[in-house]
Every structure is written in C-alpha cells, then in structure tokens.
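Using the supplied hints, reconstruct the complex from the two chains, each of which is provided in its own coordinate frame.
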Amino acid sequence: MERFRANLMLCAGTGCVASGATKVRAALEKELKKRGLKEEITVVLTGCNGYCAQGPVMSVLPDEIFYQSLTVEEVPKLVEEHFLKGRPYEKLMFKEPEKKLAIPLMKDIPFFKHQVLRVLRNKGLIDPEKIEEYIARDGYQAAAKALTQMTSEEVIKVIKDSGLRGRGGAGFPTGLKWEFASKVQSKVKYMLCNGDEGDPGAFMDRSVMEADPHAVIEGMIIGAKAIEAHNGYIYVRAEYPLAVKRLQMAIEQCYDAGLLGKNILDSGFDFDLEIYQGAGAFVCGEETALMRSIEGKRGMPRPRPPFPAHKGLWDKPSVLNNVETLAQIPLIILNGSGWYRSLGTEKSSGTKVFALTGAVNNIGLIEVPMGTPLRTIIYDIGGGIKKGRKFKAVQMGGPSGGCIPESLLDLPVTYEDIVKTGAIMGSGGMVVMDDNNCMVSIAKFFLEFTADESCGKCVPCRVGTRILLDMLADITEGRGKEDDIETLQDLSRDIITSSLCGLGQTAPNPILTTIRYFMDEYESHISQKWCKAGVCRDLCTFFIDEELCKGCGACLRACPSKAIIGEKKKPHKIIQEVCVYCRTCYETCKFNSIKILPAGAHEPKHMLVETKT
Amino acid sequence: MADNTKILVVDDEPVVVRSCERILKAEGYDIEGALSGREAILKIEENNYNLVLTDLKMPEMDGITLIRWIRKSRPSIGIVVITGYPSQETIKDALDLGIIDYVPKPFTPAVLTDVTRRAFEWIKGKALEKKIEEEFPPSMLNELDRVVNQYKKKPGSSIPVLQRSQEVVGYLPPVIQKRIAKGLNISPAEIHSIVSFYSFFTMKPRGDHTIRICLGTACYVKGIETIINKIKETLGVEVGETTKDRKFSLETVRCLGACGLAPVMVIDHDTYGALSRKKAIDAINQYAPVGINETPAEEIEAVEGE
Chain A
184 MERFRANLML
194 CAGTGCVASG
204 ATKVRAALEK
214 ELKKRGLKEE
224 ITVVLTGCNG
234 YCAQGPVMSV
244 LPDEIFYQSL
254 TVEEVPKLVE
264 EHFLKGRPYE
274 KLMFKEPEKK
284 LAIPLMKDIP
294 FFKHQVLRVL
304 RNKGLIDPEK
314 IEEYIARDGY
324 QAAAKALTQM
334 TSEEVIKVIK
344 DSGLRGRGGA
354 GFPTGLKWEF
364 ASKVQSKVKY
374 MLCNGDEGDP
384 GAFMDRSVME
394 ADPHAVIEGM
404 IIGAKAIEAH
414 NGYIYVRAEY
424 PLAVKRLQMA
434 IEQCYDAGLL
444 GKNILDSGFD
454 FDLEIYQGAG
464 AFVCGEETAL
474 MRSIEGKRGM
484 PRPRPPFPAH
494 KGLWDKPSVL
504 NNVETLAQIP
514 LIILNGSGWY
524 RSLGTEKSSG
534 TKVFALTGAV
544 NNIGLIEVPM
554 GTPLRTIIYD
564 IGGGIKKGRK
574 FKAVQMGGPS
584 GGCIPESLLD
594 LPVTYEDIVK
604 TGAIMGSGGM
614 VVMDDNNCMV
624 SIAKFFLEFT
634 ADESCGKCVP
644 CRVGTRILLD
654 MLADITEGRG
664 KEDDIETLQD
674 LSRDIITSSL
684 CGLGQTAPNP
694 ILTTIRYFMD
704 EYESHISQKW
714 CKAGVCRDLC
724 TFFIDEELCK
734 GCGACLRACP
744 SKAIIGEKKK
754 PHKIIQEVCV
764 YCRTCYETCK
774 FNSIKILPAG
784 AHEPKHMLVE
794 TKT
Chain B
27 MADNTKILVV
37 DDEPVVVRSC
47 ERILKAEGYD
57 IEGALSGREA
67 ILKIEENNYN
77 LVLTDLKMPE
87 MDGITLIRWI
97 RKSRPSIGIV
107 VITGYPSQET
117 IKDALDLGII
127 DYVPKPFTPA
137 VLTDVTRRAF
147 EWIKGKALEK
157 KIEEEFPPSM
167 LNELDRVVNQ
177 YKKKPGSSIP
187 VLQRSQEVVG
197 YLPPVIQKRI
207 AKGLNISPAE
217 IHSIVSFYSF
227 FTMKPRGDHT
237 IRICLGTACY
247 VKGIETIINK
257 IKETLGVEVG
267 ETTKDRKFSL
277 ETVRCLGACG
287 LAPVMVIDHD
297 TYGALSRKKA
307 IDAINQYAPV
317 GINETPAEEI
327 EAVEGE
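Residue numbers (the working numbering), protein chains in the order written: chain A, 184 to 796; chain B, 27 to 332.
One or more hints might be untrue.
[Unchecked claim] Some chain A residues close to chain B (C-beta under 10 Å, calculated; not the full set):
no.: 1; residue: Tyr234
no.: 2; residue: Gln237
no.: 3; residue: Pro424
no.: 4; residue: Gln460
no.: 5; residue: Ser476
no.: 6; residue: Leu539
no.: 7; residue: Gly541
[Stated by the list, open to error] Keeping only pairs whose Cα atoms sit at most 27 Å apart, straight-line, the calculated BS3-like set for lysine-lysine is:
no.: 8; chain 1: A; residue 1: Lys745; chain 2: B; residue 2: Lys258
no.: 9; chain 1: B; residue 1: Lys256; chain 2: A; residue 2: Lys745
no.: 10; chain 1: A; residue 1: Lys499; chain 2: B; residue 2: Lys179
no.: 11; chain 1: A; residue 1: Lys640; chain 2: B; residue 2: Lys230
no.: 12; chain 1: A; residue 1: Lys773; chain 2: B; residue 2: Lys230
no.: 13; chain 1: B; residue 1: Lys179; chain 2: A; residue 2: Lys370
no.: 14; chain 1: B; residue 1: Lys230; chain 2: A; residue 2: Lys480
no.: 15; chain 1: A; residue 1: Lys480; chain 2: B; residue 2: Lys180
no.: 16; chain 1: B; residue 1: Lys180; chain 2: A; residue 2: Lys428
no.: 17; chain 1: A; residue 1: Lys428; chain 2: B; residue 2: Lys178
no.: 18; chain 1: A; residue 1: Lys206; chain 2: B; residue 2: Lys178
no.: 19; chain 1: B; residue 1: Lys179; chain 2: A; residue 2: Lys445
no.: 20; chain 1: A; residue 1: Lys370; chain 2: B; residue 2: Lys178
no.: 21; chain 1: A; residue 1: Lys494; chain 2: B; residue 2: Lys258
no.: 22; chain 1: A; residue 1: Lys499; chain 2: B; residue 2: Lys204
no.: 23; chain 1: A; residue 1: Lys283; chain 2: A; residue 2: Lys569
no.: 24; chain 1: A; residue 1: Lys206; chain 2: B; residue 2: Lys304
no.: 25; chain 1: A; residue 1: Lys773; chain 2: B; residue 2: Lys256
no.: 26; chain 1: B; residue 1: Lys256; chain 2: A; residue 2: Lys570
no.: 27; chain 1: B; residue 1: Lys178; chain 2: A; residue 2: Lys445
no.: 28; chain 1: B; residue 1: Lys178; chain 2: A; residue 2: Lys570
no.: 29; chain 1: A; residue 1: Lys445; chain 2: B; residue 2: Lys180
no.: 30; chain 1: B; residue 1: Lys204; chain 2: A; residue 2: Lys640
no.: 31; chain 1: A; residue 1: Lys494; chain 2: B; residue 2: Lys178
no.: 32; chain 1: A; residue 1: Lys569; chain 2: B; residue 2: Lys304
no.: 33; chain 1: A; residue 1: Lys480; chain 2: B; residue 2: Lys204
no.: 34; chain 1: A; residue 1: Lys480; chain 2: B; residue 2: Lys208
Read the hints as simulated data drawn from the structure, not as lab findings.
Note that the Cβ used here is the ideal one computed from N, Cα and C, for glycine as well.
Pulled out of the complex, with its shape left as it was, chain B reads as follows (with noise of 0.2 Å):
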C-alpha cells in the first residue's frame, strides 16, 4: 500500500473501532482508533491523519463538532462518517461540512474497505486538482470563474465562454475544461467534443509567442512548404508543438485571407507577407533571437524573386 494512507476511526463503541481496525489493517492501510471526539481531537493534533472515521452519535462531543473542528484545522483530512442513524437532517449537515462519503450501520467488510478506498482516490484526485490549481495563479481563475458567470445564462455560450478561457489561461488542459463544465452546468464530455472539434482550441500549453503559418492555396502555391520546412528546423519542433524553453509554439491555419501577400504568417497579432526562408527566420528573430539566419544570400533573391 502506498503511503500517505493513515486512517483515524472514532465511535464510542470499542466493538466497531476494533472490527474496522482488523478489516483495514488486513487491506494494508495505517489505522488507529479513538473512543471520544475530545480523544480523537487529541491523536489528530499529534499525528498526520489523512483520513478520519467518524461516528455521529457520540457522549460529550458528537460527531458533527468533531468535523467542523477537522475541516477548520486539518481541511486537508479525509472525513467518511459511519452511522446507525443515517437519518436525512444529520447527514446533510455532514454533507455540507464535505465529507467524502458514509458508511451506515451494520456494514459488511466489502463496504468498508469500498468506501475506504474510493475514499483515498478521492483525497489524491483533490490533491491533484490543488497541485494543478496552485499552478495558475488565482487572479486568472478568478477570471476565468467571472468569464463562465457572465455567459452562463446564455443558451449556446459554450464556444465564446471556450475562446475567452483559451485567451486568460492559455490554453485549455481537463482541469480547466472540467472547471468551465462545473460553471455552465453541462457535462465535461461535451466540454471536451467542443474542444478537440475546433481547431482553434488547444490542450497544450502555448508558448509565449504564436506562429501561425498560413497553408492557404496560394501560399502553397508560391512555395510555404519550404519556409514551413526552415521554421521547424529552425525551432527544432514540429508543427502543433512547442520550443523547450516556451518561447515559440508553432501553428499551421487554413487561410489567413491575405493571399494577396502570400506566403504568409502571422505572429501573435502581426501579419508578415512575402515571406522568404530568410525573412521569415529575420520576424521570428525580432520576438526572441533563434540562432542566426544562414541562409544564403543568393537562395533569398531566388525565392523572393518568385
């Protein structure tokens, strides 16, 4: 068993602290027991529970005083409540205070250790989301949340609410998708069929600067193809990735409708035209230097010559 999977079981009955601690030791997990709220309280305080079995009804302290007091001081345990009373009032008020999950009593073995060990993945998914929350700062979550709330109300919003994400975070990664499901209130499937339809939608990280070259027919036509061919050497990627250091991410688009100029690309927001092998290394060397440009100078008037 891995770590991290220490279990604290509370009931004022010694006979279900002690069938939960041999159903559980035998599955591998770390368990102890406590009697009382106020004993359970004390062992919390001196060890690194990641998950607390709880009765509900308990002399002196009940159970829901000892989750209120775990989710204000230790947030990050794990709560399942075991319960004979499973009555709808004090469940919800378990529920609201976001415990995992319950167990009602009499419960066989293969209930416990289910619950236990849903209850586990629940704490490392959690944990995960917080890993992957700590990487985007909470001003653009807050943003984003505020994009989500501005739309929500509008049928057909999922596409603009998509593209506005996409412009505060960058891209669009599960978490991200699975956040802007939770706001709209449709299943993160279909969030997902949206995003790996349109082109325009990535799950990747970009870098800081976008290259997009255009594979329009004229473009094609007055030779892309190679300067496509010189980019990607240059940067070392292929089209759709991007460079190691974050700099560059390299796009290919239908038709930027500016034939008039081909072959074309378009960097961030600026359109370069005309392009030679040559020019278009010079544009990309204007956003962050990408090694000198060794192009010949006689290949340069051939190509532009065109």
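Next comes chain A alone, as it looks inside the complex (with noise of 0.2 Å):
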C-alpha cells in the first residue's frame, strides 16, 4: 500500500455530499497537485462522519485536526497553511460556542469528547468501498473466529451473554433470538437485516451502512453461522441509495475475498447474501411484513405465532436482526461478553446510537454508552438548544414513540427507563423541540405519518388512527370539544390493544404522551383557543408589544403580506386585517416584542403578562 504524509478523511456521506463535499474533493485535489503535494498527501472519501450540521467536514490524519464547513473557495488557503506553511487553520475548525475559540482536535470538540463508539468505530477512518482498510482495523477477524473456532451455541452463548438487545426499537434480546432458531430444524433458513429504517428523524442505520458496510455483513456471517442459515437477504430502502450502493460493492468484495459463497474461509460454511431493496412502506420495518415484501407480495403483517424463528421467510426459520445490531456482533465475538458489558447498565448493555436532530446546536449521529443522561445528551454533546430557546420536549422512538419532557431529562436512556415515560427507544431518533413547537400539532404530525403508512389490515388501526387525526385536525384548527381529550385518550387505548402489529400498537403514542405531558397546551387549544406556540394558525393573533418595539423595521421588511406598518425607531403594528399569521415577524424580530394571543384577541395589554417569557 502506499504511504503517505497526510490522509485528508473527507466525509462522504449523504449529508456532507449534499453540503458540498464532491466538489471541496475536487477543489483539494487541483489544489494538492498544484502546490506539488500530490505524492504526499492523499484525500480519502469516508462514511458518515456524523457531524452532520458542519458539513462537509475533514480530519487530517494523523494530526486529528479537525476542518468544518469546508468551502471551494477556503480550499487553497487551507493546503497553503496547513500542508505548506504547517500552520493547522484555524478559520474552519471548531468553534468553542461562548468564547469562540478554536478547537483543532477532534477528540477535545464537545460533540466528540462525550462519545463511546463502538458501532460507529471504523466512522471517518476507513474508505467504506475498500475491504481492505475494514481488515486492516480487525475487520472479519471476528467471522474467522466464528467459522472456525467456535460452535454455533459457543457463538449464541457469547452474544445471549453479553446482553445485547435488539437495536431497532422492540430491545428484544439477540442472543435468545437466535437461540430458538438455531433449535428449529430445517435444511433451509435465513439470515435476514432489516435496513428499511423508516422512523422520520432517524439515520443511524443509513450511516452505518454507508459508512461501515462490512461491519454489517461480517455480523451477518456470525449470524447466520450461529443458525446454521446459508443464505441471507439485507432489505435495503429504496430511498438510500447511496447504503444500496456501498453495500452491493461491500458484498462483491467479500465475494472475491471468499468471505462470502461457498466453504468461506476453508471453514466448510456456505452463505450467500443478496440486498432486497424496499419500495417505501413504512410497515415493512415490521418483521412478518418484511418478510411478505421479499416474497415480493405486499408488505402486510401477519399473526404471530409462528414466530419468524420457526415459520419466516418461505415459511422457513428465519432471524431478522437490525443494522445496528448486526455492526455490534464482530467486537462481542472479538472482545467477549464482558467487555461489552462494562459499558451501560445491567440490562441494557454496550452504546446506543442516536441521531440528534432538531433544535439543538449540534446535530449529528452520536453514539453513547446506555444509562447516559438525556441531559447530557442534549447539553453536553448536543450543546443545547439553538439561539438559547428554551427547551421543550425531546421526541424518541419515532411515530411508535413519545415526547419527553424537561422535568424527565435527567433520566438515564435506557430501554426500562424510556418505556416508562410511555415514550420507546425506537431505532434511536432523538429530535428535540423548542417552545417554537406546538406539541398537539406534533402529536397531529406523528398520526398524518400512521394514519397514512397504516397497511389497512386491522381495522382498529385503519379507521381508528384516521378518527384520532380528524380530531387532532378540529383542535388545531379551533373546533376542539372539552370532553375529545377523554375520547383521545380512549380510543388510543383500544387501538393499541387491538391491532395486530407494532405499527397500530404504538400509533397512538405520541398523542399519549403529549396529553400527559404537556395536557395545558391541549386545554389552551381547546378552551382558550390559543396555541401558544403560534404554530395553528386559527387559534392565535400576532401582536406587537409597544413597550418592547424599537422601531428596527426587520419585521417590517420581512412580512411577506405587507400587515405590519410604522416609522423608523417607532413602536410598529400589525393590521390584523391582512395579517396571515404565518410567524415570520414573531421569528424575525430580535427583543421578543411580538406576542401570540388567541384568536381573534383585541386588547393586547391584559394578556402580555402571561406571555411574557
């Protein structure tokens, strides 16, 4: 392999490609090979480096300077600096938030300094379409151990040893999983991974698929050794194509290194591997339906028992493990039970990958050890809230999930923990909200998703989420009842015993948890026609606080409808008439003068003392 001075570790995942990152690749490499650097410094396209929100971000290897939001134009400055002058560049690192200065090591940035990663060990270091590097950082050394030293109960007894539980929401544990497949006897079984990550607000398996593709097929090996399944499917959403692509690369690969096929490893174990690729119905993350949806039918859940363990795909045994479990197996079977354990909790144990998103600072794939905080997760790594709103509530578990509120957030995350506060792990969304949200108009969000994605087969969930969404639709739009919350309440709970899947069982959460969290903001909308938030439109009024006003003319300018009037460094107005409450000046103004009201408030005076912040 060559060698060089320097490896710019250029992400290349989805998020940095679509800030920029092809081109800032170019821009590098003209620039390299100008300044005559080309034979000693190299630039390594890699998987999510998680970072997200600073994209297109680079750490330069093996210094560990880390470079973010990276600019065509900023590329010759750099090179010249760094790679000539050897002056690391201060403008595109890390910005300490208060003081602003600079962070050059990634290790010592905040978003960095409080993860654990195990899962997303390889992010950033390796270039996800070589085999190559996976190897050389211990990669399949794990499937070797598997194939050929070990049993396939040796192999069950590690992982049911270690505790590792499902990653894609249900925390149901792995090892016991396999167990009961490997009992079942059959020629024919299958190993099956569930890619179909369909929860808005999660990307954890999209990056780890694209970023670490081989971590996922070894775990399968491992697997499908320990059931003794010699074929395999990873049912992919059509929406990643970027996870398809890698992974069909990362199978070709291992295919020719005979890791894949028949007798792998000179071990006597076949097993062969395809990717499916889905069509876009949520419901296919559900196991029997995505089953059904390989068979190529649709995807519509089925009774269980049969368990997939005894009747899956075909009808015969099969596992389906999420991505995020799979990438977890290799360093069990590396590193033993016991090491896995000394991270989290007694019974949840290892890292947990989230995907923070929302109104926090730092947005990013995060991983931490189970039994972290919720506040550190949001302050210390997320670094708070943007602008310094307050925070409102942090979203987890996607539709199947719930809302968490501030007086919650010291709670440990933890699969025991989070179902207590009726909210679930879920796959690892985590999206947190500002006092901006209106959370009945979340709750309505959430039901729109379920009421639409619902497959249609159990009628408690078809026409149950569609009457719960007709009301959260009358509440935010002023026709709300006083007894709807009791209905609300009601219904939730039939449609959650009555449905067949994990889809109408948990569609009613995030209305649950609204209500029991944030029930002021439903009897506001309700009696009071008000959203406070001044998020539903019908049920509120834009005014602005003389006494507070200082005449700047931002939100003047900005009011796409002309409403507000007034003269320069005077108190403004707004015409109620033209107004179209759509939020832009209360977003614009600076010193808070904007107030919401209820609908059709006159005398804004007497109410300010209750909005006031």
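Right under this line is the structure:
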C-alpha cells in the first residue's frame, strides 16, 4: 500500500455530499496537485462522520485536526497554511460557542468528547468502498473466529451473555432470538438484516450502512453461522441509494475475497447474501411484513405465533436483525461478553447510536453508553438549544414513541427507563423541540404519518388512526370540544389493544405522551382557542408589544403580506385584517416584542403578562 | 352501432352465409358474404373489413389457407371460425394462427351475436393496446421484457422487476403492469396490488425531474411546510402531481435520513439541505426555469436564521 504524509479523511456521507463535499474534494485534489503535494497527501472519502450539521467535514490524519464547513473558496488557503506552512488553519476549525476559541483536535470537541464509539468505530477512519481498510482495522477477524474456532452454541452463548438487545426498537435479546432459530430443524433457514429504517428523524442505520457496510455483513456471517443459515438478505430502503451501492460493492468484494459463498475461509460453511430493495412502505420495518415483502407481496404483517424463528421467510425459520445490532456482533465475538457489558446498565448493556436532530446546536450521529442521561446528550453533546431558546421536549422512538418533557431530562437512557415515560427507545431517533413547537401539532404530525402508513389490515388501526387524526385536526383548527381529550385517550387505548402489529400498537403513543406531559396545551387549544406557540394559524393572533418594540423595521421588511406598518425607531403595528399568521415577524424580531395571543384577541395589554417569558 | 364493424362471412353453403347476414344485420353490423376462399380474398382486397367469419372446410381453398393469407396480408382483421367439424387438430391449427374465437355449427342466433360482439370488443382492446404500445418505443419494451426474463425464475421477484421497470418506463400504467404480469406468469391483479401498496411505485407519468420533499420529523420541526407551500405555489401543482409541461413531478417522502440538513429535498439524485423558501426555488430553477424568485431578502434571513 502507498504511504502518505497525511490523509485527508473527507466525509462523503449523504449529508456532507449535499453540502458540497464532492466539489470540495475536486478542489482539494486540484490544489494539492498545483502545490506539488500530490505524492505526499491523499484525499480519502469516508462514510458519515456524524457531525452532519457542520458539513462538509474533514479530519486530517495523523494529526487529528478537524475541519468543518469546508468551501471550495477556502481550499487553496487551507492547503497553503496547513500543508505547506505547517500551520493548521484556524478559520475552518470548530469554535467553542462562548468565547469563539478554535478547538483543533477532534477528540477535544464537545460533540465527540462525550461519545464512546463501538458501532461507529470506523466512521471517518476508513474508505467504506475498500475491504482492505476494514480488514486493517480487525475486520473479519471475528467472522474467522466464529467460523473456524467456535461452535454455533458458543457463538450464541457469547451473544446471550453480552446482554445485547435488538436495536431496532423493541429491544428483544438478540442471543435468545438466535437460540430459538438454531433449535428449529430445517435444511433451509434465512439470516435477514433490517435496513428499512423508516422512522422519520432516524438515520443511524443509513450512516452505518454507508460508512461501514462490512461490519453489517460480518455480523450477518456470524449470525448465519449461529443459526446455520446459508442464505441471507439485506432489506434496504430504496430511499437510501448510497447505502445500497456501498453494500453491493462490499458484498462483491466479500465474494472475491472468499468471505461469502461456498466454503468460507475453508471452514466448510456456505453463506450467500444479497440485497433486497424496499419500495417505500413504513410497515415493512415490521418483521413479518418485511418477510412478505421479500416474497414479492404486499408487505402486510401476519399474526404471531408462529414466530419467524419457526416460520419466517417462505415459511422457513428466519432471524431478522437490525443494522446496528449486527454491526455490534463482530466486536462482541472478538472482545467477549464481559467487555461488552463493561458499558451500559444491567438490563441495557453496551452503547446506543442516536440520530440527534431538531432544535439543538450540534446535529448529527452520536454513540453513547446506555444509561447516559438525556441531559448529557442534549446539552453536552448537542450543545444545548439553538439560539438560546427554551427546551420543550425530546421526541424518541419516531411515530411509535413519545415526547419526553424537561422534568424527565435526568432520566438515564435505557430500554426500561424510556418505556416508563410512555415513549420507546425505538431505533434511535432523537428530535429535540423548543418552545416554537406546538405539541398538539406534533402529535398530529405523527398521526398523519401512521394513518397514512397503516397497511389497512386491522380496522382499529386503519380507521382508528384516521379518527384520531381528524380529532387532532379539529383541535388545531379551533373546533375542539371539552370531552375530546378523554375520547382521544380512550380510542388510543382501544387501538393499542386491538392491533396486530407494532405499527398500530404504538401509533397512539405520540398522542398519549403529549396529553400526559402537555395537557395544558391541549386545554388552551380547546377552551381558549389559543396556540401559545403560534403554530396553529386559526388559534393565534400576533401583536407587537409597543413597550418592547424598538422600531428597527426588521419585521416590516420581512412580512410577506405587508401587514406591518410603522415609522423607523417608533413602535410598529400589525394590521390584523392583512396578517396571514405566517409567524415570520415572530421569528425575525430580535427583541421579543411580537406576542402571540388567542384567536380574535383585541386587547393586547392585559394578556401580555401571561405571554412574557 | 359504431364505425369499424364491417364483417365478411365466408362459407360454401349459401344458407349459412344468408342466415349469418340476417342475424348480424339485425344487430346493426355491416355484413357481406363470400361463397369461397378465392371470392373472399378478392373482396378483402377491395374492401376494409374488420372481422372475417369463416368456415374451415371448403372446396378449392380451405379455411386454414384463407386464415394464413389474412394473417399475413391483413393482420389487423379479426378472425372467427365457424365450423361443423371442430376437431382438435384443425381448431388447434386455427388457434395457432391467432383466431379470436370459433362457433360450432349448428349455432343459435344468440351464440353468433354473442361471439361477434366479443370479437369486436377484443379487436377494440387490441387497437387500444397497440396505440399504447406506440407510445412506448420498442427499445423500451424490449428492455422491459429483458428485465422480466432476467428475474422470471427467481421467487419473490415482482418488486425488483417493478422497480427496474419503473426505471425503464418512468411509471407503471396498467398496460405495462399487464405485460409484466404476463411475463412473470402471475395475475395482473396481484401486480396491481403491489404497485398500489408501495409508495415508491407510480401509475402516473412522471416529469423529467422528480422533486421529493422530506416530511421527516426534523424537517417538520424546522418548517418544511412553508417550503412545500412555496413550491406548490411556484409550480402550480399539488403533491403527487406533475407540471403541465412535464418538467417536474412533486412528491413527498417519509424521511430521507438526512436530518442533519433539515429541511431537505431531493431533486432526481441530488440532495438539497438547510432549505429556505428561496433556496428551494433556486435549486429547482437550476433544472428548468420556473419563474423569478420573489421571496423578499429579509424573510429569507429570518427563515435561514431559524
């Protein structure tokens, strides 16, 4: 292998590519060539680094200097300063938010400092399109160990002892799942990987598949050995073209290297693996539905038992594991169950990857030990709420989960503790919301999703979610009635108890948790016709507090319907008849002088006390 | 009775020709007779018939020879066989030549009118199919057949076949679904059930460029709704529709998994992140001009500053 003085590990994940990583790469290569550094310094495209919000990002090895928000224009300067003059280029470094001091090293940046990387061990360090780089970082050693030195029972025992639980959401012990399938006698069994990451707000699996596809494949080889399966499928969403491409490449490389196919590593074990692309149905994340889909049918769930471990794909014993679960397997086999248990809690061992998004400063992919408090994740890693706004809730578990309020922020993140709040761990989406979000609208957003994605098999889910959605629409549009909250709760419970699969059983969770923690918002929507966040257009009126208005004119220029009048340096006014409730003025004003009052309010003065924060 | 209902009945027995004429004339068809294969050919060369009813066993030139001639020189004419000797062999020969149906002698008026009516329906359907086929160039249909053949023997291949087919054709109208169903040897109803279930498949033609807007939680929290409204207004279409000039199709997608860049949209294969109303329209403008971006500068700042 060629050796270089420095490797520029440029992130080529979906996020950074969208922010212009491809152009930056071309610019870097051009500049390096121009400066005669082509032989000494190389640009490597890596998978998702995780720090998507600051993309395109790049780390320089071996110095470990981290650059962010790269632009084509800055590239010449960067190359000149860092690689010719040997002075790391401060302008593109991460700046500590308060004093704006540059932090050069990746490991010192708060976003990375609190993380423990296991699943994401290779992120930003290898070129995901080269099997050699994965192997160089101990890749396929675990598969070799499992295939040549261990029996199926031994593999299952290690995984069981590690306490690894399925990372897809429900948290079923992986070792146990494997054990069930291994005990069923059948010539044909299937090892399946669930890459149908459908929760809105979750992108861990996409990043793992893009950044480290071989880790998933290795996990599948080990799982196949454990249950004695010789065929496997990776089910990936069609919305993830890059993940499909990388996995396809990785599978081909494995066949060439003798890691897939007949007689793997001369162990006598055969395993064939292929990719199956989904076609856009959220319900296919459910295991029986996913198997129906691979069979080429409508992806509709079926009752269990029989469980897939007995009758799965084409009625053969099958095991379906999530991407993140599989990526952990090689580590556990190599390092043992005790090592794995050294992090996390008794019932939730190891680490968990989260997709941290929404109203936090540092958006991206993070990995933390189980049991880390939510507060640490949101404030230390996430860097707190954007623009110093007030934290309102964190949504976990996507449409199956719920919103966790500020009072529970010190809760450790484990399967057990999260379930107690009414949310679920889910696949790891964590969407942070600030006081600009209306919780009734958030519940409505998720119900729109589940009502649309319900496969239609069970009436309570198909019709019930629609009724819930209509009621929420009524509440947000000012037609809410006193007893609506009770009806919502009753109907939710009925849907939960009478639906066949996880989709229906969890669809009402967003409503139940928002009612539980934000009852006051429902009440103000229904009785006062007041959406305090100013999101529901029919339930708010915008006023300018004349005492606070400095007459800067920002809102006047921003208003798309020209509803604001006023002279410079004098308090402005909103002409209610023209206002379209777009909220633009509220977001533009730097002096908090725009106040949101109930629909049809006329006298702003007496209400102001209540809205001041 | 509609146009294109001209029939020629061919039989060496005048009584059969006359009774056919009487029965079908009463139904409103334009019908003529011929008493031999030779006469029939002469008449076909002179007139435009849509359907030929012919006997099989005739002196001089038998029915099979006549059918062969018609298939070769007038392939658009539908053929129905009337025969008193429906032996396995002759009927098989005729079926191989592509006849629509056959009527055993003796027949009742009801049977004849029924068969005739169905034959015309079939011809009409065929014409429609042909018209649609003209919309898809042969190269496209060849590619489609190649895809189907490639996957044919693999169990559970309907979804990959439909995905590839949609790539080839652009969308999956009923006629394409039928062709795929036939190729895979499964019922068109089952293919349709799959196409209608998965949101990835579309039965309507798409524009040159597909705009997919993310409706994920992060994008929602960051105000994707105002952006969708702006795009809808600019393009003059609703979600799920295609612009009149077939330049853009507007779609929404559940989550693109690029939440770090929210709000996000994808045009064809390119992702556009951290959108504002102006940035979204600017991005679309790169593909085809959709009008001047009138969003005032301050509003953009406000949204971007979010």
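Going through the hints against the structure:
The interface hint given for Tyr234(A) is met, as the beta carbon of that residue sits about 8 Å from the closest beta carbon of chain B, less than 10 Å. Contact between Gln237(A) and chain B, as hinted, is supported at the beta carbon level, the nearest pair being about 9 Å apart and thus within 10 Å. The restraint placing Pro424(A) at the interface with chain B holds, with a minimum CB-CB distance near 7 Å, inside the 10 Å limit. With a cut of 10 Å, the hint placing Gln460(A) at the interface with chain B holds, because the nearest CB-to-CB distance is about 6 Å.
For Ser476(A), the interface hint holds, since its Cβ comes within 10 Å of a Cβ in chain B; the closest pair sits about 7 Å apart. The closest approach between the C-beta of Leu539(A) and any C-beta of chain B is roughly 9 Å, which is under the 10 Å cut-off, so the hint is satisfied. Annotation: Gly541(A) was flagged as interfacial toward chain B, and the flag holds, the nearest CB pair being 5 Å apart, inside 10 Å. Among the hinted pairs, Lys745(A) with Lys258(B) is consistent with the structure: their alpha-carbon atoms are about 22 Å apart, no more than 27 Å.
Using a Cα cut-off of 27 Å, the hinted pair Lys256(B) and Lys745(A) holds, with the two alpha carbons roughly 17 Å apart. Under the criterion of a C-alpha separation no larger than 27 Å, the hint pairing Lys499(A) with Lys179(B) is consistent with the structure, at around 20 Å. As the CA atoms of Lys640(A) and Lys230(B) are separated by approximately 26 Å, the hinted pair is consistent with the 27 Å bound. The straight-line distance between the Cα atoms of Lys773(A) and Lys230(B) is roughly 47 Å, outside the 27 Å bound, and the hint therefore fails.
With a C-alpha separation of about 21 Å, the suggested pairing of Lys179(B) with Lys370(A) holds against the 27 Å cut-off. At most 27 Å may separate the alpha-carbon atoms for a hinted pair to count; Lys230(B) and Lys480(A) meet this at roughly 21 Å. Restraint check for Lys480(A) and Lys180(B): satisfied, since their Cα atoms lie roughly 14 Å apart, inside the 27 Å limit. The straight-line distance between the Cα atoms of Lys180(B) and Lys428(A) is roughly 22 Å, inside the 27 Å bound, and the hint therefore holds.
With a CA separation close to 24 Å, the supplied pair Lys428(A) and Lys178(B) stays within the 27 Å bound. Taking the CA atoms of Lys206(A) and Lys178(B), the gap is near 42 Å; set against the 27 Å cutoff, the hint is violated. For a cut-off of 27 Å, the pair hint linking Lys179(B) to Lys445(A) stands: about 22 Å separates their Cα positions. Of the supplied pair hints, the one linking Lys370(A) and Lys178(B) holds, its CA atoms being roughly 25 Å apart against a limit of 27 Å.
As the CA atoms of Lys494(A) and Lys258(B) are separated by approximately 47 Å, the hinted pair breaks the 27 Å bound. In summary, the hint linking Lys499(A) to Lys204(B) is not supported, as the alpha carbons are separated by about 31 Å, beyond the 27 Å threshold. This hinted pair checks out: Lys283(A) and Lys569(A) have alpha carbons roughly 16 Å apart, not beyond 27 Å. Annotation: proposed proximity of Lys206(A) to Lys304(B) holds, straight-line Cα distance about 22 Å (limit 27 Å).
Only pairs whose Cα atoms come within 27 Å are accepted, and Lys773(A) paired with Lys256(B) is accepted, the gap being roughly 25 Å. Annotation: proposed proximity of Lys256(B) to Lys570(A) holds, straight-line Cα distance about 26 Å (limit 27 Å). Note on Lys178(B) and Lys445(A): the hinted pairing holds, with a Cα-Cα distance of about 25 Å set against a maximum of 27 Å. Restraint check for Lys178(B) and Lys570(A): the C-alpha separation of about 57 Å exceeds 27 Å, so the hint is violated.
Simply put, Lys445(A) and Lys180(B) have alpha-carbon atoms about 20 Å apart, close enough for the 27 Å limit, and the pair holds. Under the criterion of a C-alpha separation no larger than 27 Å, the hint pairing Lys204(B) with Lys640(A) is consistent with the structure, at around 26 Å. The hinted pair formed by Lys494(A) and Lys178(B) meets the criterion: a straight-line CA distance of about 25 Å does not exceed 27 Å. About 22 Å separates the Cα atoms of Lys569(A) and Lys304(B), which keeps this hinted pair within 27 Å; it holds.
Using a Cα cut-off of 27 Å, the hinted pair Lys480(A) and Lys204(B) holds, with the two alpha carbons roughly 16 Å apart. Note on Lys480(A) and Lys208(B): the hinted pairing holds, with a Cα-Cα distance of about 17 Å set against a maximum of 27 Å.
When each numbered hint is compared with the structure, violations occur for hints 12, 18, 21, 22 and 28.
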